[in-house]
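Construct all of the structure, not just a fragment, from the sequences and the given hints.
Residue numbering for the sequence shown follows the UniProt record's numbering, starting at 1 and increasing by one per position.
Keep in mind the hints are simulated off the structure, nothing from the lab. Just to be clear, a hint being listed does not mean it is correct.
To be verified - Label pairs and their computed distance ranges (CB to CB):
#1 G82 with T200: 26 to 34 Å
#2 L78 with R169: 36 to 44 Å
#3 K216 with S319: 28 to 36 Å
#4 L146 with E258: 33 to 41 Å
#5 P187 with K292: 26 to 34 Å
#6 G71 with E258: 40 to 48 Å
#7 P187 with V103: 31 to 39 Å
#8 I22 with G71: 22 to 30 Å
#9 I116 with E177: 15 to 23 Å
#10 K179 with L78: 27 to 35 Å
#11 S117 with Q26: 43 to 51 Å
Unchecked claim - Taking lysine to aspartate or glutamate and the DMTMM-like style, the derived pairs with C-alpha atoms no more than 20 Å apart in a straight line are:
#12 K220 with E208
#13 K216 with D233
#14 K320 with D49
#15 K161 with D272
Note that beta-carbon positions come from the ideal geometry of N, C-alpha and C, so glycine has one too.
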Amino acid sequence: MKRVVTLGEILLRLSPPDRNRIIGSQSFDVNYGGSEGNVAVALSHFGIDTALITKLPDNPIADAAIQQLRGFGVNTDLIIRGGERMGLYYLENGYSVRSSRVVYDRKHSSISEAEISEFNFDQIFENVDLFHVSGITLGISEEAYLLARSFMQEANRRGIKVSFDFNYRSKLWTTDEAKAKFSKVLPYVNIAFAGVLDFTTFLGIDPEETSNLVTKMDHKKLYKKVNEHYQFDYIVSSYRTVVSASHNEYQGLVFNGEEAFQSKKYQLDIIDRVGAGDAFTAGFLYSYLCDKEEQYQVQFAAAAGALKHTIFGDALLSSKEEVENLFQSNTYHVQR
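Below, the structure is given as structure tokens:
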């Protein structure tokens, strides 16, 4: 069985029930999430051996988060305990013309102040096939950036594939700050998950070159331009057209250095959009690790991302059979 290690922050998520506003809410639904943890959970449901590396305080809230991860099949044995607090965020789910809204409360969380010396690379990377991290972790703090960079360097040194999702968050840092940090770690990346804004903001692509991306050939030219500067093994992108906060069009593309591959397009009525990109990432990584052909990879990734829109919470809780059924059979009847 293939083995994947992810590094990132686990947060407590609080959401008003029934798409209500934060203002006026008397109760909140509780979930646990975080980009890299979401990827690990989805991969575990697909049958991949996964482990999450993070640091959490020694308190009952963190215990509950770890228990949930274990319940979803994620190995938590190497999570470090200590520090003052666990990060949290408030999610106000949008609907129709009202956008979703996120409020972070994650400063001084345990992982944001973790030190490299607390982690044993020999234990962490033993028999590992792929390491995954996102730009969110790099943006939490200077300490988290240095930690993530060290993990990426070490994985690269050991010949382990490195997967990186840009995942830029404007509430964490500026584009200039992110660009400076990203430029230091991209040489270690084999698989890059990036969208149009990442290409133009962080990878030096002229916005004019992304103004008319219609066909698969248009995207192929763009990806080739990116690979003139960074020789990624794969560039993987999801694209959405926002019709409203509760209805999107969704599609995936995969570029293998030579050719671009495009998924079918989904029309989505949204229950919970958070974590869809992580589900898409997990879908690609699963099919990549299983040596599937590129057309299967992009179809599986897009179907995984599409399904996540229909599931409440941060993580995709679907089997590989459910994902395959979506893009192979194209049926929505009750499965009996």
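Which of the numbered hints above does this structure break? 1, 2, 15
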